[in-house]
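Please construct the entire structure, taking both the sequences and the accompanying hints into account.
Sequences listed follow chains A and B, in order. So the first sequence is numbered by the numbering used here: it starts at 2 and just counts up by one. So the second sequence is numbered by the numbering used here: it starts at 54 and just counts up by one.
These are calculated hints, taken from the structure and not from any lab test. Any given hint might turn out to be false.
Keeping only pairs whose Cα atoms sit at most 25 Å apart, straight-line, the calculated SDA-like set for lysine to any residue is [stated by the list, open to error]:
1) K498(A) x N474(B)
2) K310(A) x G407(B)
3) K310(A) x E368(B)
4) K466(A) x G448(B)
Facing chain B, from chain A, some residues (calculated, C-beta under 8 Å) [said to hold, decoys possible]:
5) V261
6) T319
7) I324
8) A326
9) L327
10) M331
11) L339
12) E341
13) N355
14) H475
15) H482
16) Q490
17) Y493
18) F502
Glycine residues also receive a C-beta, built at the ideal position from the N, C-alpha and C atoms.
Chain by chain, the residues:
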Amino acid sequence: MAKQHSCSNSSAFQQPHWMKIQLNDQKQEFNKRLTKASPHSLSQSMSHSSTDSISSAVSSKSSEDESSPQDKLQKTSKGLSDFCVKNIKQADFGRREIEIAQQEMPALMILRKRAGGEKPLVGAKIVGCTHITAQTAVLIETLVALGAQCRWAACNIFSTQNPVAAALAEGGIPVFAWGGESEDDFWWCIDRCVAADSWQPNLILDDGGDMTHWISKKYPSLFTEIRGIVEESVTGVYRLYQLSQVGKLWVPAMNVNDSVTKQKFDNLYCCKESILDGLKRTTDIMFGGKQVVVCGYGEVGKGCCAALKALCAVVYVTEVDPICALQACMDGFRVATLSEVIRQVDIVITCTGNKNVVMREHFDRMKSGCLVCNMGHSNTEMDLASLRTAELKWEQVRPHVDQVSWPDGKRVVLLAEGRLLNLSCSTVPSFVVSITATTQALALIELHSAPQGRYKQDVYLLPKKMDEYVASLHLPIFDAHLTELTNDQAKYLGISKHGPFKHNYYR
Amino acid sequence: MSEAAGDAKLEVKQASKEVKESENAAEKYSAMTVSKNSEMNMGELSSAFSAVPTHKPVKKQIQFVEDKQEFSRFPTKTGRRSLSRSISQSSTDSYSSAASYTDSSDDETSPRDKTQVNIKGSSDFCVKSIKQAEFGRREIEIAEQDMSALISLRKRAQSEKPLAGAKIVGCTHITAQTAVLIETLVALGAQCRWTACNIYSTQNEVAAALSETGVAVFAWKGESEDDFWWCIDRCVNTEGWQPNMILDDGGDLTHWVYKKYPNVFKKIRGIVEESVTGVHRLYQLSKAGKLCVPAMNVNDSVTKQKFDNLYCCRESILDGLKRTTDVMFGGKQVVVCGYGEVGKGCCAALKALGAIVYVTEIDPICALQACMDGFRVVKLNEVIRQVDVIITCTGNKNVVTRDQLDRMKNGSIVCNMGHSNTEIDVASLRTPELTWERVRSQVDHVIWPDGKRVILLAEGRLLNLSCSTVPTFVLSITATTQALALIELYNAPEGRYKQDVYLLPKKMDEYVASLHLATFDAHLTELSDEQAKYLGLNKNGPFKPNYYRY
Chain A
2 MAKQHSCSNS SAFQQPHWMK IQLNDQKQEF NKRLTKASPH SLSQSMSHSS
52 TDSISSAVSS KSSEDESSPQ DKLQKTSKGL SDFCVKNIKQ ADFGRREIEI
102 AQQEMPALMI LRKRAGGEKP LVGAKIVGCT HITAQTAVLI ETLVALGAQC
152 RWAACNIFST QNPVAAALAE GGIPVFAWGG ESEDDFWWCI DRCVAADSWQ
202 PNLILDDGGD MTHWISKKYP SLFTEIRGIV EESVTGVYRL YQLSQVGKLW
252 VPAMNVNDSV TKQKFDNLYC CKESILDGLK RTTDIMFGGK QVVVCGYGEV
302 GKGCCAALKA LCAVVYVTEV DPICALQACM DGFRVATLSE VIRQVDIVIT
352 CTGNKNVVMR EHFDRMKSGC LVCNMGHSNT EMDLASLRTA ELKWEQVRPH
402 VDQVSWPDGK RVVLLAEGRL LNLSCSTVPS FVVSITATTQ ALALIELHSA
452 PQGRYKQDVY LLPKKMDEYV ASLHLPIFDA HLTELTNDQA KYLGISKHGP
502 FKHNYYR
Chain B
54 MSEAAGDAKL EVKQASKEVK ESENAAEKYS AMTVSKNSEM NMGELSSAFS
104 AVPTHKPVKK QIQFVEDKQE FSRFPTKTGR RSLSRSISQS STDSYSSAAS
154 YTDSSDDETS PRDKTQVNIK GSSDFCVKSI KQAEFGRREI EIAEQDMSAL
204 ISLRKRAQSE KPLAGAKIVG CTHITAQTAV LIETLVALGA QCRWTACNIY
254 STQNEVAAAL SETGVAVFAW KGESEDDFWW CIDRCVNTEG WQPNMILDDG
304 GDLTHWVYKK YPNVFKKIRG IVEESVTGVH RLYQLSKAGK LCVPAMNVND
354 SVTKQKFDNL YCCRESILDG LKRTTDVMFG GKQVVVCGYG EVGKGCCAAL
404 KALGAIVYVT EIDPICALQA CMDGFRVVKL NEVIRQVDVI ITCTGNKNVV
454 TRDQLDRMKN GSIVCNMGHS NTEIDVASLR TPELTWERVR SQVDHVIWPD
504 GKRVILLAEG RLLNLSCSTV PTFVLSITAT TQALALIELY NAPEGRYKQD
554 VYLLPKKMDE YVASLHLATF DAHLTELSDE QAKYLGLNKN GPFKPNYYRY
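Below, the structure written as structure tokens:
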């Protein structure tokens with residue numbers, strides 16, 4: 002059944018993610034099957050929000066053992082067999098991965114300590130569907146430490162770290178996931194998670210909406226028990242809003258994607274660091290004095306510009322929005338059109354969210370050795386199809402680095418074939434993943450312990466106070482000491498001493 | 054009781070004033086006072102006077118809406134001190150760069166008693182001295198150079214005259230920058246009558262220059278409370294001319310029209326309000342269902358907010374400190390209390406000059422931002438002994454207390470960039486053992502018995518209002534926003550705006566920004582049709598959803 006849809010649906014993945022949101026009538030409905038086709042199409046469809054859980058996946062080769070994990074009978078050292086992973090023997094190795102991740106995710110560790118005594122998730126039965134990486138493992142084990150029972154599946158057929166899955170299984174958590182699942186495997190794993198004997202989930206943690214989709218299709222009766230859904234990705238959130246609009250959302254859902262803290266880290270701070278990292282890893286370029294044009298001055302563009310300026314690059318900005326353009330001016334960047342500067346720049350970085358920002362005519366006028374890369378979330382920003390002509394020669398010089406040569410000998414260096422540079426050529430720091438994971442954990446706690454009636458059948462943003470709590474859990478890493486309001490001051494400002502400190506519309 | 058005394062004083066003042074007034078004006082004015090007194094009982098009146106901003110910072114007024122700041126009360130304009138305290142964050146941009154060359158004390162006769170005629174033979178104005186017009190013209194020309202957005206608006210829209218038929222009555226600070234705005238409105242086809250929203254801020258020469266060209270201006274520097282309301286009244290109440298637009302800063306004009314000439318509202322197409330206070334009053338009116346025309350809140354437009362806070366403070370913190378203390382920043386340890394827009398601006402500027410910057414915050418999200426921007430987040434007590442400069446910008450009160458001032462090192466500087474003077478507990482320094490020495494204007498040395506000195510700037514009032522100027526470019530943003538809001542309200546088809554308070558449409562906000570890009574020789578990229586379709590946007594904006602906060 003899944004297979005027969007795969008052809009038509011994989012075309013959905015050829016389209017940029019953004020586009021799908023625009024043209025919501027044609028694709029992306031809950032009654033269509035999503036397919037997990039090839040790694041290429043996956044990275045295309047990767048949403049902004051889920052960038053933080055895919056890339057640092059270090060997996061042992063899945064080809065070493067050809068028999069499907071579905072067919073194997075494995076047992077943990079305690080004799081449990083309610084799981085399905087590549088190889089339970091890798092558990093030790095996975096445990097070390099998890100321990101490394103724990104060091105960069107102290108917020109979750111603090112959460113365990115602070116809440117450990119009271120176990121706020123006692124009674125929670127969480128079924129989860131996320132990337133299974135060391136960072137997620139820290140999250141899952143935190144949920145367990147807080148009293149929850151968990152069953153877990155992967156939201157992506159490639160991203161699972163097999164040793165980590167093994168370590169989780171060894172720890173007694175039913176995990177159904179391995180790197181390199183087939184489409185059938187993918188849904189089988191989800192089904193095994195949900196349809197357990199004498200175990201009914203009452204909370205869903207989802208990334209992409211596949212788990213929610215499966216339950217609403219196959220086991221709608223489960224929703225009577227379910228207290229809420231926590232959804233992380235842009236795609237999943239979008240699907241929830243659609244469901245809610247047509248009145249088909251039966252339980253409260255929490256949109257953690259749009260929390261202030263997460264947004265800032267996914268875009269501004271993360272890109273500020275990864276633009277330099279991605280370029281260095283791929284090309285070993287030096288930035289001082291180089292002329293760079295950054296297309297787009299949103300959060301991502303602001304981060305890129307700040308980082309490049311700090312390394313003394315000469316930065317130009319192109320913008321369509323006059324307000325953002327004025328911000329660029331006031332931050333000391335020259336605002337130009339791409340055509341004006343294209344002949345002189347050494348690096349072109351796109352982050353507009355738009356399509357065809359860099360066209361063949363621009364490529365034709367670049368100087369030799371010019372670097373071109375994309376930090377926007379889809380690979381539409383450069384018109385690469387126009388470079389696939391007979392007179393241009395493509396050469397791969399390193400993984401993710403292509404040289405395109407013109408007949409006159411001019412070369413342009415293209416990174417990651419125009420896909421998102423920081424997903425392809427650098428890693429997402431654990432610290433950023435930690436922000437997301439902590440937000441998810443708090444959202445689960447909030448939904449689980451909210452009094453009946455606080456949340457209706459709708460999609461909610463995390464309360465500001467929780468958002469502030471996520472931030473505060475990350476402050477000890479910086480040895481930052483928060484000032485406390487006195488009673489007098491709190492009264493003067495008309496706010497509670499413990500927050501929330503700002504209006505909801507404050508950004 | 055003080056209430057009764059205040060009341061009596063008012064009566065006396067009004068009585069003596071009435072004698073001096075010309076008959077015509079006196080009749081109107083006394084009619085006004087009678088109606089005022091008959092409307093308000095003693096309790097109301099006294100509470101109106103305790104509502105003088107002197108006693109409460111603006112923030113607080115907003116908090117306790119029910120007891121103060123209603124439209125049926127008369128705000129008073131008292132001392133200079135109280136004015137600068139009551140200046141709201143939003144109206145900072147129209148106050149300080151008012152430099153008046155002529156001293157208001159050189160001529161003791163009240164402008165109200167003088168008969169003056171401008172070059173065209175009109176006497177429908179009231180300014181200090183019409184003879185200063187030429188001087189004021191030069192001021193206006195200087196301001197025009199940094200307000201190219203308004204000038205280009207004149208050029209772009211002059212042929213269509215989008216304000217033809219508009220009769221605008223305005224009440225703002227009257228400075229060279231406002232003059233550029235007024236003359237732009239006139240160039241776009243409007244008729245204007247203008248008065249001052251502050252009894253001190255008027256530049257007399259500029260008022261004269263405006264009058265000379267035929268704009269009916271009623272304002273001079275150093276008005277009395279009576280003069281203030283008289284001027285507003287003269288603006289609104291004129292024969293054969295009824296305003297159909299109001300441009301207000303602080304809500305006094307709206308209040309006056311609302312109280313005295315409610316009939317005028319039948320003709321009025323909208324109110325444009327600039328200040329926090331005024332906007333707050335409009336929202337209150339709207340809540341009570343008493344707002345009978347559409348109003349435009351230009352204070353909260355994105356462009357204006359960013360310039361008033363982030364960009365403006367980023368420059369003026371350095372300027373204010375340099376002008377007052379000639380301090381050098383490299384290597385100095387500075388603690389900035391609060392990491393909102395103002396704090397972000399201050400920190401960025403100080404870091405750029407090589408200062409070592411610490412931040413204190415109460416909000417973990419802002420604290421995390423400070424961490425990620427590379428600032429150490431500390432509690433004030435941890436660093437108070439080692440810092441050279443303390444800057445407060447929290448919007449809170451008693452952020453720096455006597456206890457902390459006691460522990461500061463010798464020669465450290467204390468100043469405030471927040472909008473009210475509550476952040477530093479200055480009152481606690483007024484004790485007998487401490488000696489105050491005024492070393493410069495706005496600079497006090499507070500000397501401890503052991504010889505330690507702390508340098509206090511502007512007595513804890515807003516540093517950039519007191520010790521530096523607001524750049525014309527920032528005022529240009531506000532003025533352009535106001536002009537576009539007027540155009541929008543005037544030209545909007547019937548029914549687009551109901552009787553409510555509106556934010557400027559995003560598109561207009563973007564247009565304000567785009568008019569200022571020319572200054573930077575910035576070249577905006579245009580979307581192709583295909584790209585616009587892909588993004589689902591109109592090629593000419595708006596480019597972002599309304600909730601996008603930049």
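Against the structure, the hints come out as follows:
no.: 1; hint: K498(A) x N474(B); result: holds (22 Å)
no.: 2; hint: K310(A) x G407(B); result: holds (16 Å)
no.: 3; hint: K310(A) x E368(B); result: holds (19 Å)
no.: 4; hint: K466(A) x G448(B); result: holds (20 Å)
no.: 5; hint: V261; result: holds (6 Å)
no.: 6; hint: T319; result: holds (5 Å)
no.: 7; hint: I324; result: holds (5 Å)
no.: 8; hint: A326; result: holds (6 Å)
no.: 9; hint: L327; result: holds (4 Å)
no.: 10; hint: M331; result: holds (5 Å)
no.: 11; hint: L339; result: holds (7 Å)
no.: 12; hint: E341; result: holds (6 Å)
no.: 13; hint: N355; result: holds (5 Å)
no.: 14; hint: H475; result: holds (6 Å)
no.: 15; hint: H482; result: holds (5 Å)
no.: 16; hint: Q490; result: holds (5 Å)
no.: 17; hint: Y493; result: holds (5 Å)
no.: 18; hint: F502; result: holds (4 Å)
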